[in-house]
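When you get a sec, could you build the whole thing from the sequences and use the hints?
Chains V and Y, in that order, give the protein sequences.
The numbers in our numbering rise by one with no breaks, and the one at position 403 of the first sequence is 403.
The numbers in our numbering rise by one with no breaks, and the one at position 40 of the second sequence is 40.
A portion of the hints provided could be inaccurate.
Unchecked claim - Label-pair ranges, simulated between beta-carbon atoms:
| # | chain 1 | residue 1 | chain 2 | residue 2 | range |
| --- | --- | --- | --- | --- | --- |
| 1 | Y | Glu80 | V | Pro241 | 42 to 48 Å |
| 2 | Y | Asp37 | V | Leu205 | 48 to 54 Å |
| 3 | V | Thr35 | Y | Ala186 | 49 to 55 Å |
| 4 | Y | Leu205 | V | Ala68 | 29 to 35 Å |
| 5 | Y | Arg129 | V | Asp494 | 35 to 41 Å |
| 6 | Y | Glu80 | V | Thr35 | 45 to 51 Å |
| 7 | Y | Val157 | V | Leu320 | 49 to 55 Å |
| 8 | V | Gly316 | Y | Leu205 | 56 to 62 Å |
| 9 | Y | Asp58 | V | Ala69 | 48 to 54 Å |
| 10 | V | Asp41 | Y | Ala109 | 43 to 49 Å |
Hint data in this document are derived by calculation from the structure and do not stem from the laboratory.
For each residue, glycine too, the CB sits at the ideal point set by N, CA and C.
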Amino acid sequence: VWGIDHSTAGGGVSRGGNRQTAARVSQNLVHLARTARAPGDPTAVELLAAAVRERGELTDDDIRATAAATGLPEATVHGVATFYDDLLVPRGRRHVRVCTGTACFAQTAGAHEVAVATGLGLDPGSRTSDGAVSLAETVCLGFCHSAPAIRDGDLVDAGPGAVARVLAGAAEQAPEPPARSLLDEPALTVAGDWSGLRAVLGAGLSPEDLLAEVDAADLRGRGGAWFPAGRKWAFVRAAPPGPRHVVVNGDEGDPGSYIDKHLMERSPALLLEGMALAGYAVGASSGHILVRSEYPRSRPALEAAIDAARADGLLGEDILGSGFAFDVRVVDGAGSYVVGEETALLACLQGLRGTVSARPPFPATSGLFGEPTLVHNVETLANVPVIAGRGAAAYRALSPDGTSAGSKLVCFNACFERPGVVEVPFGLTVRELCEEVAGGVRSGRTLRAVQIGGPLGGILPASLFDTPFDAQPLAAHGCMVGHGSILGIDEGTDMRELARHLLAFGAHESCGTCFPCRIGLQRAHEEFASGAPVDRVRLEALLEALELGSLCAHGGGMPAPIRSLLAHFPDELGLAP
Amino acid sequence: VIRVTVDGRELDVEPGTTVLEAARRAGAAVPTLCFDDRLRPFGACRVCLVAAGDGAADDPVVASCTTPCRDGLVVRTGDERAVRTAAAVVELVLSELPRRPAPHTELAAVARALGVRATRWPGATHAERRDTRHPYLALQHELCISCGRCVRACDEVQGTFALTATGRGFSANVTAGIDQGFRESACVSCGACADTCPTDAITELSLLEIAAAGEHDVRTDA
Numbered sequence: 001v002w003g004i005d006h007s008t009a010g011g012g013v014s015r016g017g018n019r020q021t022a023a024r025v026s027q028n029l030v031h032l033a034r035t036a037r038a039p040g041d042p043t044a045v046e047l048l049a050a051a052v053r054e055r056g057e058l059t060d061d062d063i064r065a066t067a068a069a070t071g072l073p074e075a076t077v078h079g080v081a082t083f084y085d086d087l088l089v090p091r092g093r094r095h096v097r098v099c100t101g102t103a104c105f106a107q108t109a110g111a112h113e114v115a116v117a118t119g120l121g122l123d124p125g126s127r128t129s130d131g132a133v134s135l136a137e138t139v140c141l142g143f144c145h146s147a148p149a150i151r152d153g154d155l156v157d158a159g160p161g162a163v164a165r166v167l168a169g170a171a172e173q174a175p176e177p178p179a180r181s182l183l184d185e186p187a188l189t190v191a192g193d194w195s196g197l198r199a200v201l202g203a204g205l206s207p208e209d210l211l212a213e214v215d216a217a218d219l220r221g222r223g224g225a226w227f228p229a230g231r232k233w234a235f236v237r238a239a240p241p242g243p244r245h246v247v248v249n250g251d252e253g254d255p256g257s258y259i260d261k262h263l264m265e266r267s268p269a270l271l272l273e274g275m276a277l278a279g280y281a282v283g284a285s286s287g288h289i290l291v292r293s294e295y296p297r298s299r300p301a302l303e304a305a306i307d308a309a310r311a312d313g314l315l316g317e318d319i320l321g322s323g324f325a326f327d328v329r330v331v332d333g334a335g336s337y338v339v340g341e342e343t344a345l346l347a348c349l350q351g352l353r354g355t356v357s358a359r360p361p362f363p364a365t366s367g368l369f370g371e372p373t374l375v376h377n378v379e380t381l382a383n384v385p386v387i388a389g390r391g392a393a394a395y396r397a398l399s400p401d402g403t404s405a406g407s408k409l410v411c412f413n414a415c416f417e418r419p420g421v422v423e424v425p426f427g428l429t430v431r432e433l434c435e436e437v438a439g440g441v442r443s444g445r446t447l448r449a450v451q452i453g454g455p456l457g458g459i460l461p462a463s464l465f466d467t468p469f470d471a472q473p474l475a476a477h478g479c480m481v482g483h484g485s486i487l488g489i490d491e492g493t494d495m496r497e498l499a500r501h502l503l504a505f506g507a508h509e510s511c512g513t514c515f516p517c518r519i520g521l522q523r524a525h526e527e528f529a530s531g532a533p534v535d536r537v538r539l540e541a542l543l544e545a546l547e548l549g550s551l552c553a554h555g556g557g558m559p560a561p562i563r564s565l566l567a568h569f570p571d572e573l574g575l576a577p
Numbered sequence: 001v002i003r004v005t006v007d008g009r010e011l012d013v014e015p016g017t018t019v020l021e022a023a024r025r026a027g028a029a030v031p032t033l034c035f036d037d038r039l040r041p042f043g044a045c046r047v048c049l050v051a052a053g054d055g056a057a058d059d060p061v062v063a064s065c066t067t068p069c070r071d072g073l074v075v076r077t078g079d080e081r082a083v084r085t086a087a088a089v090v091e092l093v094l095s096e097l098p099r100r101p102a103p104h105t106e107l108a109a110v111a112r113a114l115g116v117r118a119t120r121w122p123g124a125t126h127a128e129r130r131d132t133r134h135p136y137l138a139l140q141h142e143l144c145i146s147c148g149r150c151v152r153a154c155d156e157v158q159g160t161f162a163l164t165a166t167g168r169g170f171s172a173n174v175t176a177g178i179d180q181g182f183r184e185s186a187c188v189s190c191g192a193c194a195d196t197c198p199t200d201a202i203t204e205l206s207l208l209e210i211a212a213a214g215e216h217d218v219r220t221d222a
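See below:
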């Protein structure tokens, strides 16, 4: 769950100014990243990741070779090599990654991590002396419907027996989650048939008309910030003439969420069609999808769909004879949650450290390679074809009982009877989602709370399950729709351990730019990990500093679940009297 | 020209002026750590927080260095939430260092200005690691607070790119070249990094030796 609403970022003080006031990623480095490479060349991050895959670890020669190939300074490339998880962990010929996401934690309380480490005789982050086997932690593999998940090479095994199979060297690819829609005419659980783009180009609809339709549909950013997509498109469209980009945030790092994974792997054409429509509306001809490396099946699925679309004349030059040109490339991430924040995402796409930059300038005016860029989450763009094909009014009617427009994909973790991806209208209560849609928790267990929308989302206790699943009602309880993951927490989860787990994730993933997050999440984690009673006064002062002081939604959002636990489960947190 | 109000005082500024620039022009003392007026604003330290909005009690708390002024903006540099958060951040910064910052450093001055005398936070500190391979530049990694000033000075002032940020989260730090020391890196020994460093993490070797000789004084007078 990412991003800060543009209307509040920068305190809502100003979006403009006649000069660039903040230093995004160094403009000198951006210039180097742009000028020394041809479009489509691998990024420094991808070159380093390839070296790790081939040789098991990075050497100074790899840094120098990458610097020479990309035109970036050696020190800069060294900085990149020390940032991403995939570049830091040594690899053996067999590389095992154990998922430490929240769904896996809720399933085993971490027992699967210990079992794999013990069984392999390796600490996470280490490799056998003969280079045969290595073990790493990873968050998250997106098999939350069948936790716990372990990745052996590019095979992901998950669910009961996964640990034993991996340790026996007999990992099996786990089934992908089932997907269904509660809508009469599904909008998001479809493969995508390009009918929206065909309708727009066939009718000669102007870019302005398409933008107006998206605006009228009240499409909101599904990455968590809920920002009106039409306004964002208008910012990019209003940028000075020149190259523009559509960037897709396929870095669905939220533990417990596998919605974007589902869309990229099962409905890639729907995403590509949404990108092309967005490109048409804002005047962009190049699209970029950053895909997280934790999803080994996503990139091949997207590339196959891109090839098919090119062959059908739906991507490339002169699409469907309209004169509109648009093409898409896929870029790999290398293990970083914060790369889901838009400025960090753009840095990663340029091969740089995935750190957050202050805004302004916003990507709409100065994004990829310093050029105007529309950045969207996967699911947001997957909503665009139905708006283009059926119209804004039909789109708004998808949720007759909700206050938000359109429909939403939600996903459930393995503690439910029927986990999977489900397209739902807004306005159902959380209880209806948990008990009727997901079939309640598995027999003999009791659901105590759900965390909705990712690690930056609040935790809703069972006593509040009659809250409607919609942006405003959830916000009243310190929760959010976020990414749409609904992660059940049953009586097997120790709430203090849950706080420690979430803060360990928060501290590990802090990009290290702003001080409150860089130091504060470390201290918050130590507060719960030390075993000593938690000093509530000191902790709450720290949470305030994170909320008010952090540069992005990571530091600003990590307090939300901790505040929920303090509000609803104070007796279980080991607070000092 | 646009008009803003800082702590009750109205002043006219050019569009694009940051809130920090306006506040300083109005005579307000806003502390900063990652800011250096020779470099472009970075917005990392969050010590320059102020309230800025329409003048309401719940106006947003923003980093003044990266926030542009708009016409009619009302800035309160003494907002309780902003000052409390800035002080909490400086207390966190003191908690990451294995020893108190030397009294002459910018960090020590900012701590004094915000009334932060000590840290309540136990926990991990940065491991001592001292690089003295260069004839007159020393890098004490344990004193690095990742403000990025040295890296930006090398980039924006010198145009050399000899320095980089490393790691992430609490492990973030800086280094020269491929962690090979200033001498083996692209460093041209201009000293811009040492000049801007607010903690002496990068300093002139001779000053380090003087400080070591008077170590007792450095440690007891924060």
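So, going through the hints one by one against the coordinates:
no. : hint                            : result
1   : Y/Glu80 - V/Pro241: 42 to 48 Å  : 47 Å, holds
2   : Y/Asp37 - V/Leu205: 48 to 54 Å  : 50 Å, holds
3   : V/Thr35 - Y/Ala186: 49 to 55 Å  : 19 Å, violated
4   : Y/Leu205 - V/Ala68: 29 to 35 Å  : 32 Å, holds
5   : Y/Arg129 - V/Asp494: 35 to 41 Å : 37 Å, holds
6   : Y/Glu80 - V/Thr35: 45 to 51 Å   : 48 Å, holds
7   : Y/Val157 - V/Leu320: 49 to 55 Å : 51 Å, holds
8   : V/Gly316 - Y/Leu205: 56 to 62 Å : 59 Å, holds
9   : Y/Asp58 - V/Ala69: 48 to 54 Å   : 51 Å, holds
10  : V/Asp41 - Y/Ala109: 43 to 49 Å  : 46 Å, holds
Hint compliance for this structure: hint 3 alone is broken.
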